[in-house]
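Participant: We have chain A already, so just place chain B on it with the hints.
The lines below spell out each chain.
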Amino acid sequence: MATRRGFLAGLLASGAAPGLGWADVGGPTHLSAAKTPSGDFVLTGLRDDGSLAFQLPLPARGHAAAAHPQFAEAVAFARRPGTFAMVIDCARGRVAHEIVAPRGHHFYGHGAFSADGARLFTTENHIESGQGRIGIWSRQGGYTRIGETSSGGIGPHELLRIPGTRTLAVANGGILTRPETGREKLNLNEMRPNLTCLSEDGEQIAQWDLPPDLHHNSLRHIAAASDGTIACAFQWQGDIYDAPPLLALCSTDSGLRFASMPDSAMRNMAGYAGSVAVLGDNRIALSSPVGGVAQIFDSAGRFESEMKQADLCGVAATATGGLATDGLGGVHRIADRLSLLARHDLAFDNHLVAIRDALG
Amino acid sequence: MKIFALSLIFALPTLADAGVEAVVDAHILPGYASFADATQDLAEVVQTCDSPDLKPAYHAAFDAWLAISHIQFGPVEENGRSLAIAYWPDPKDQTGRAVARLIGANDPAVENPAAFNEVSVAAQGFFALERLLFDTPEPTEYTCAFTRAIALHLASAAATLNDEWRGDLAGLLRNPGQDGSPWQSPAEALRVLYTSLTSGLEFIKDQRIGRPLGTFERPRPTRAEAYRSERSLRNVALGLSALRAMAVALAEGDIPDTTAAFDRALASAQTLDDPALQGVADPGERFRVEALQQQVVGIQAAIATEIGAALGVQAGFNAMDGD
Numbered sequence: 001m002a003t004r005r006g007f008l009a010g011l012l013a014s015g016a017a018p019g020l021g022w023a024d025v026g027g028p029t030h031l032s033a034a035k036t037p038s039g040d041f042v043l044t045g046l047r048d049d050g051s052l053a054f055q056l057p058l059p060a061r062g063h064a065a066a067a068h069p070q071f072a073e074a075v076a077f078a079r080r081p082g083t084f085a086m087v088i089d090c091a092r093g094r095v096a097h098e099i100v101a102p103r104g105h106h107f108y109g110h111g112a113f114s115a116d117g118a119r120l121f122t123t124e125n126h127i128e129s130g131q132g133r134i135g136i137w138s139r140q141g142g143y144t145r146i147g148e149t150s151s152g153g154i155g156p157h158e159l160l161r162i163p164g165t166r167t168l169a170v171a172n173g174g175i176l177t178r179p180e181t182g183r184e185k186l187n188l189n190e191m192r193p194n195l196t197c198l199s200e201d202g203e204q205i206a207q208w209d210l211p212p213d214l215h216h217n218s219l220r221h222i223a224a225a226s227d228g229t230i231a232c233a234f235q236w237q238g239d240i241y242d243a244p245p246l247l248a249l250c251s252t253d254s255g256l257r258f259a260s261m262p263d264s265a266m267r268n269m270a271g272y273a274g275s276v277a278v279l280g281d282n283r284i285a286l287s288s289p290v291g292g293v294a295q296i297f298d299s300a301g302r303f304e305s306e307m308k309q310a311d312l313c314g315v316a317a318t319a320t321g322g323l324a325t326d327g328l329g330g331v332h333r334i335a336d337r338l339s340l341l342a343r344h345d346l347a348f349d350n351h352l353v354a355i356r357d358a359l360g
Numbered sequence: 001m002k003i004f005a006l007s008l009i010f011a012l013p014t015l016a017d018a019g020v021e022a023v024v025d026a027h028i029l030p031g032y033a034s035f036a037d038a039t040q041d042l043a044e045v046v047q048t049c050d051s052p053d054l055k056p057a058y059h060a061a062f063d064a065w066l067a068i069s070h071i072q073f074g075p076v077e078e079n080g081r082s083l084a085i086a087y088w089p090d091p092k093d094q095t096g097r098a099v100a101r102l103i104g105a106n107d108p109a110v111e112n113p114a115a116f117n118e119v120s121v122a123a124q125g126f127f128a129l130e131r132l133l134f135d136t137p138e139p140t141e142y143t144c145a146f147t148r149a150i151a152l153h154l155a156s157a158a159a160t161l162n163d164e165w166r167g168d169l170a171g172l173l174r175n176p177g178q179d180g181s182p183w184q185s186p187a188e189a190l191r192v193l194y195t196s197l198t199s200g201l202e203f204i205k206d207q208r209i210g211r212p213l214g215t216f217e218r219p220r221p222t223r224a225e226a227y228r229s230e231r232s233l234r235n236v237a238l239g240l241s242a243l244r245a246m247a248v249a250l251a252e253g254d255i256p257d258t259t260a261a262f263d264r265a266l267a268s269a270q271t272l273d274d275p276a277l278q279g280v281a282d283p284g285e286r287f288r289v290e291a292l293q294q295q296v297v298g299i300q301a302a303i304a305t306e307i308g309a310a311l312g313v314q315a316g317f318n319a320m321d322g323d
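Heads up: the sequence lines are chains A and B, in that order.
Heads up, the first sequence is in the numbering used here, so the first residue is 1 and it goes up one at a time.
Heads up, the second sequence is in the numbering used here, so the first residue is 1 and it goes up one at a time.
For reference, chain A alone in the conformation it holds in the complex (with noise of 0.2 angstroms):
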């Protein structure tokens, strides 16, 4: 019978498949690596009703991933200092190409494609300088390394493509890590967190620091509103009862300004935001493991409200708002409160990706 179904697996078999789009692999509309049960990793697709698209198999802990902005490609970043990143053709559910960094260098996790997805972004440790990179790769030669760019800081964590532009931004986080010494924070007396803006050839655009009383607060995640304004979310590296708001916006017109919150909103974030989503009605989530609660903020910065739920971190937007995936396997919907859609047996790892966010 001549179902899309059997057609598509008939064009697997064959191996031609010719560059399926997200739309042939069960319409998932994000994406976020997960560990199973059994103690495996696995990327999953997600649709925005909380259900599963598909679920494949990764060698090792995710942390976020990149869609590519045409064909169901993802790559799935392992979490720092991981050195290999996997693209997976999530129409034939297998990895296509392991991307390994170069000698010297480590991923951070994260990374985007260029707005015609020929290009590839990712965040890396220049291990003997400590100094930030981020790699460039072409698509088209099988994910080969085409060169490399200052990411304009030390710890370049979050990298995202302003949607609808060329312009790349990247959360310089600051803090200074080598791999012999682990997730050791070795410069905090000195870091100097940023936010950099790259052209898609790697020229810096714009550079943006903190007040010199903030610099223990490290930018770490980012996403990109639909007027190019980047939401900030921060992990405080002090005294977390005297930590500052760990949400600032950033544009060109106003540069960086810091989120206005309620003390006790503020000491529920335990000084850790573990994610941040600019949500499809343009209010943005904030999300705290630690404190175990989702922030919601207007456009403009201010605090909206609060919800509670265990071990959430991953946050994203949707067309008309929001979602948020947690560690117990729970697929929640963002608007006034949360409300669980799904709850699936596996432990969603720090990021939901919003394959939407590619697209544009």
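Since the hints were made in silico from the structure, they are not lab data.
Don't take each hint at face value.
Claimed, not checked - From the structure, some residues in chain B lie toward chain A, with a derived Cβ separation under 10 angstroms:
1) Glu-77
2) Asn-79
3) Gly-80
4) Asp-90
5) Gln-94
6) Ser-185
7) Gln-207
8) Gly-316
9) Asn-318
10) Gly-322
11) Asp-323
Treat the numbers as computed from the prediction; the structure is a model and nothing was measured.
Cβ coordinates follow ideal geometry from the N, Cα and C atoms, glycine included.
Facilitator: Leaving out everything else, chain B in the frame of chain A:
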């Protein structure tokens, strides 16, 4: 008929397990009732500001709070109530500033509960009261009215918490999954209690003990909780006792390693003759406070093994990640 029977089964709220029942009945409800009573007593005593019963009533109310201060969910997390009751840790001395501001301005808010509800939360609770009772030279008419305002505010907050728990919340926690319950399954109800237990221990270790300890090179005795009223060690001991009771209720079965670990720490606290934990600055005394902190670490390990593993509750996959 068969369909009807099935739907009836599905409509029944899922029953929480016995551990949740025990914590609600033997720990949370009596704890909030005692807190409401003790703050009510405080509010009555403070009607005359020079009463010799005032400081004892402050201590009794603070003691009652310690029995439930680790229950950081439910009505206490709404509207910043928890901070309004106990604003600590307070590295920027918001309490001192807020108290000084009200006194300096002779702010009439202290005469009116509705107006007092709007002042800084750092001026509304136990730590502001402590400043007035233990760290203010001579009581004046104003500080006396301020003292009364705090006592009334605490009594009102405690009564609200007690009412809300006695009203719907206890039932919703006992019947997770029921319409309107914030907990959607028995597992979620268990997890929120287990999290209270483990977060409570972490707070004792890192904040109540860890803050004054600071580092060997830089001990921070003035960061001890409620050191002005010499309650720092008492808060550690009462916190541990409360968490021990909660652990026993939650676990259902025997938890010999956990109770033994609690008892070791409680015995150390009892022999530590240092109510305000000021010995942290004395190298000869400091090690005893460090030892107590290590004993709390021992409790955490025992709980993870004996309760967490048995309940199938593990530390968060993301919460522990740090990336």
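Participant: Hint by hint, where does the structure go against what was stated? Just the numbers, ascending.
Facilitator: As far as the earlier hints go, not one is violated by this structure.
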